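Engineer: Based on the sequences and whatever the hints tell you, model everything.
2 protein chains.
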Amino acid sequence: MKILWVFAHPERRSLNGSLMDEGLDELEALGHEHRVSDLYGMDFKPVVDPADFRGVGGAGCDRLFVGDAQERAYQEQRLGADVRGEQEKIEWADVLVFHFPLWWFGPPAILKGWFDRVLVQGFAFGLKDDRGRTRRYGDGGLVGKRALIVTSVGARESGFGARGVHGQVDEVLFPLLHGTFWYTGAAALPPFVVYGADRADNEAFAANAAQLRKRLAELDTAEPIAYRHENSADYDDDLVLSPDTAPGRTGLSAHRADFGPDGRPPAAESKDGTGPRVPGRPSA
Amino acid sequence: MKILWVFAHPERRSLNGSLMDEGLDELEALGHEHRVSDLYGMDFKPVVDPADFRGVGGAGCDRLFVGDAQERAYQEQRLGADVRGEQEKIEWADVLVFHFPLWWFGPPAILKGWFDRVLVQGFAFGLKDDRGRTRRYGDGGLVGKRALIVTSVGARESGFGARGVHGQVDEVLFPLLHGTFWYTGAAALPPFVVYGADRADNEAFAANAAQLRKRLAELDTAEPIAYRHENSADYDDDLVLSPDTAPGRTGLSAHRADFGPDGRPPAAESKDGTGPRVPGRPSA
Chain P
19 MKILWVFAHP
29 ERRSLNGSLM
39 DEGLDELEAL
49 GHEHRVSDLY
59 GMDFKPVVDP
69 ADFRGVGGAG
79 CDRLFVGDAQ
89 ERAYQEQRLG
99 ADVRGEQEKI
109 EWADVLVFHF
119 PLWWFGPPAI
129 LKGWFDRVLV
139 QGFAFGLKDD
149 RGRTRRYGDG
159 GLVGKRALIV
169 TSVGARESGF
179 GARGVHGQVD
189 EVLFPLLHGT
199 FWYTGAAALP
209 PFVVYGADRA
219 DNEAFAANAA
229 QLRKRLAELD
239 TAEPIAYRHE
249 NSADYDDDLV
259 LSPDTAPGRT
269 GLSAHRADFG
279 PDGRPPAAES
289 KDGTGPRVPG
299 RPSA
Chain Y
19 MKILWVFAHP
29 ERRSLNGSLM
39 DEGLDELEAL
49 GHEHRVSDLY
59 GMDFKPVVDP
69 ADFRGVGGAG
79 CDRLFVGDAQ
89 ERAYQEQRLG
99 ADVRGEQEKI
109 EWADVLVFHF
119 PLWWFGPPAI
129 LKGWFDRVLV
139 QGFAFGLKDD
149 RGRTRRYGDG
159 GLVGKRALIV
169 TSVGARESGF
179 GARGVHGQVD
189 EVLFPLLHGT
199 FWYTGAAALP
209 PFVVYGADRA
219 DNEAFAANAA
229 QLRKRLAELD
239 TAEPIAYRHE
249 NSADYDDDLV
259 LSPDTAPGRT
269 GLSAHRADFG
279 PDGRPPAAES
289 KDGTGPRVPG
299 RPSA
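Chains as they are written, first to last, in my numbering: chain P, 19 to 302; chain Y, 19 to 302.
If you're looking for bench data, these hints aren't it; they were derived computationally from the structure. Note that this is a predicted model, so its numbers are computed, not measured.
Since the list can't tell identical chains apart, any single copy or any two copies may satisfy a pair.
The calculated DSBU-like cross-link candidates involving lysine-lysine, where the alpha carbons are at most 35 Å apart (straight line), are: (1) Lys-163 to Lys-63; (2) Lys-107 to Lys-163; (3) Lys-63 to Lys-20.
Structural biologist: In structure tokens form, the structure reads like this:
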């Protein structure tokens, strides 16, 4: 497999930097190809600005919506070389790894800007299928690829659990997992999270590194988060869950096909093990 | 009142730019003072980098966690003038307005970087109360202030409803509303969202502007989102909801004290109007 590792930490000699070394080492041992976008090392520009739409729209550009201006610049091959370079890496890759410390419950600005500038309309989304439907949520420019978040937090794991004060980690990361990966068609793998990162000693680091290596060994076989497909009977024409889909349920977990009617994960993840089996997966 | 309006759009002559004009005009009509941080106009640097910690830690700085380095730079008054300037505006303000187009279900990188660089440990969080407890979620450096998101999306409102494909808008914005505002002690007002922004004609703009003016007139009286306080009986020592708090419930709405046991909003917001009344609020 081909893996693009997008790294967004200001200091290469950090816990995350060392963790990336372990990860890349494991990818080589597994016989995978990899490329790295070290955003700080590249001095990647995170800000979408008119320089990104060079010449698009001319004097009337100020009336264009940013998404439209980006799409025209993409179509007319006017996007900057840095953006085109990242798009080429995405096209090359089977798996995208996004590795960053969690700041304010999201990616650092330099990585947020990578999404803002690289995943432009016409490339990653805004495409139509042969029935004229918008390809989105389970389909799009990144369909067929997998995406994995590798992140670190200072907090303990309990605070990011199903009833933890910070919010369940998959739901806090919903804008990335569902709103970015799944939106553009990429399958979202369950995120890999290092907890207690600011108290990690050598022993904790070794344990985290071993867990990461295990996750990387399963990159091609791991079950992605089973978000629902927009172009399915699960949603109606107003993009609302159909009455028969997760009836009566609200909350972000209603958009997961693998969660039970109680809004909780099934089987192995449920405390009593009595949850329904995952649709489309053989019962184990 | 004193209002800091943080604006993050690349084009001042845009729907959002015009909407800010309307908003500032209304603030003046209401007799409020305001200051504007136009992040694009200021060419605000969004990237946390070692230049932010000038001289902190010396040769050993690479081993410091970013949060610790930021805190030391703050304590030693070594943060850059741009960051200190924003912190002074925050200290001055009663209300913070964050105005941005929603990109990838979050703020543009230039605004994400404002949070990353300005809300440093020791200033916005990481403070202790007189009982030695961490001041967080309902308490912190921004306690007593209110925060309002003003944002725009291309999507229709249905897609951001309780069962909409994008996720309910307050839950999608949880990293900001709960993880940033409430985390630092600021009360999070319900976000103001312009839907269908890329199809808005003059009539739609006028309606949006009128709604925004109404929301601004209620800045000091509007009921904030009733998130739970960390330092209360609602959470246990592991920062997990106590068994008696929202028993059995999971999902981000469990952290709202104003939601009923079914995880749905009460009273006016519920379809049948039979939801429980909001705790701590007089019945209307």
